[in-house]
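Chains as they are written, first to last, in our numbering: chain A, -2 to 325; chain H, -2 to 325.
No lab work stands behind these hints, which were simulated from the structure alone.
Honestly, I wouldn't trust all of these hints.
Copies of the same chain look alike in the list, so a pair counts if it fits in one copy or across any two.
Claimed, not checked - In silico DMTMM-like links for lysine to aspartate or glutamate, alpha-carbon gap of 25 Å or less:
id	residue 1	residue 2
1	301	58
2	265	22
3	172	51
4	301	227
5	301	233
6	265	292
7	301	217
2 protein chains.
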Amino acid sequence: MPLGSELSASAVAHPNIAFIKYWGDRDSALHLPANGSISMNLGDLATRTRVVFDSSMRSDELFLNGVLQSGAAVERVRRFLDIVRSLAGQFICARVESENNFPAGAGLASSASAYAALALAASHALGLRLSEIELSRLARRGSGSACRSVPGGFVEWQAGSNDLDCYAFCIAPPKHWALVDCIVLLDTAQKEVGSLQGHVLAATSPLQAARLADAPRRLELCRQAVLSRDFTSLAEIIELDSHLMHAVMMTSAPSLLYWQPATLQVMKSVIGWRRDGLPVCYTIDAGANVHVICEADNAAQVRKLLGALEGVVDVLCSSVGGAVRLVE
Amino acid sequence: MPLGSELSASAVAHPNIAFIKYWGDRDSALHLPANGSISMNLGDLATRTRVVFDSSMRSDELFLNGVLQSGAAVERVRRFLDIVRSLAGQFICARVESENNFPAGAGLASSASAYAALALAASHALGLRLSEIELSRLARRGSGSACRSVPGGFVEWQAGSNDLDCYAFCIAPPKHWALVDCIVLLDTAQKEVGSLQGHVLAATSPLQAARLADAPRRLELCRQAVLSRDFTSLAEIIELDSHLMHAVMMTSAPSLLYWQPATLQVMKSVIGWRRDGLPVCYTIDAGANVHVICEADNAAQVRKLLGALEGVVDVLCSSVGGAVRLVE
């Protein structure tokens, strides 16, 4: 490739919300997870990433929402691009421009959509034409849960036995079930411990082994609930799974207490509404915000109820999203 | 014993706060616990119980704080008195008058002090002269954690292998360490699920077996922290143990979420104060209230800090208490 020439591509990916959570790695370098997981893509939230490989550049550059980044964020992207460059056999630096239409760092899994979009844009720009499975495996190297943002709709990430069989696949397309995730943004500071560090702490909890041992049972219950559109069963298993992950977090050393008082207030409100007959449930990632899941018919009512709770700053609602895709 | 004659005795016992928690039974009829536990008696809180066996009565009567009780509370006392009557070989009905100097049903383990006092008063009234071990075993039959309110000071309840070796004993007397429990009463309704029913649910959590398997390690750490008056180690192990019990509670079926938003606010405040250098830690029983533990020198400051938090109705402070005892 002559000096000064450019290779570029752009891709859009959606973040995902896990119904059965990923917490802890078997292999933290390869992001081989300690257990399989199931998630739903969030179609109304998106990361759009443009990658330009430019043979005149001397180092990689990363712009997030228009702002040039430095330090750990760039280093992480550089290491990921090294994997793509090795696959393509082309060792050219890149400029990465990434934009989210949702707030970063608030437990909304922005790294999942970021690395899914980057995997597709970077690999395509360098001439690679990866299958969905190959792309999912590649995205996983950037951020574990990014592998789940590669396929569309409802997705399962199989733990697999090694790098080759550790990827995510669609278990039901977006139109299978009109679920909505009402993301409750709370009046809190940024989370104190990022999920990358948190995964390392999982093994220090006396409960992690029991959580993992029970995972196949929960995956089966969740898969069946999704496939049969059984909201009651879904509610039961995803709240249990969320509690299990937070149980491991709060009993790790040091203890990770991601919940805030307002988090617990939303949880208890949701439980109360469900007791009163409204089909609604919650799940919480590595942060204080609460993901309240309901069917589309009830989303307006749920959003209104949530907005009236104390400490709630905003409610972002999203329907089920599709796969990562190339864009102009 | 001629008709109309009376046999009576009165006893005072203190409730206790567990550092290593009792949650779940091996044998729910005998209250043989799934794991051993360690607690501290609360000397400033007390239950005073007078028992009068009266051969002219046709059924047992129970007065709590002067109010005649009916239903489940009386039935539970009657079954307990049946055990005492069998031991003594005297089958006479009794009037039980019990008074607490602290609010009941607010996660303050009133059944522990109640059955410790009742065990001593009832057995003594019927002429039994039980050893501390025998009395601890007897109190256990009324309420598991009552066995820990029989000895004084810092107490360990060994799980044992059967009814005979399942009792509590003193591991350090009250004067060994001037700890204070600042009990934070929150603005909440009574707890929704009592601990008697909760113990039954423990086995439904996928985490209970792991919590139990790790118990000997925690008991050893806690015992050593108490014996060496090592507050830093005590803080670490009792917060972990409390989190482990609540992890089991919130992952049981149905889920038990005893924490309220204000509970979490107190927890996070305590963690912050400790980070700032104040030796303080917390533990939470089957309720929303928080037990904040500190050394006597810091109790006034801790009480003041707690009283200033939102949602805090009252703070009851107690130093270490002695054994159950007969009174006039």
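Self-check item: Indices of hints not satisfied (ascending)
Solution: Structure breaks hints 1, 2, 3 and 7.
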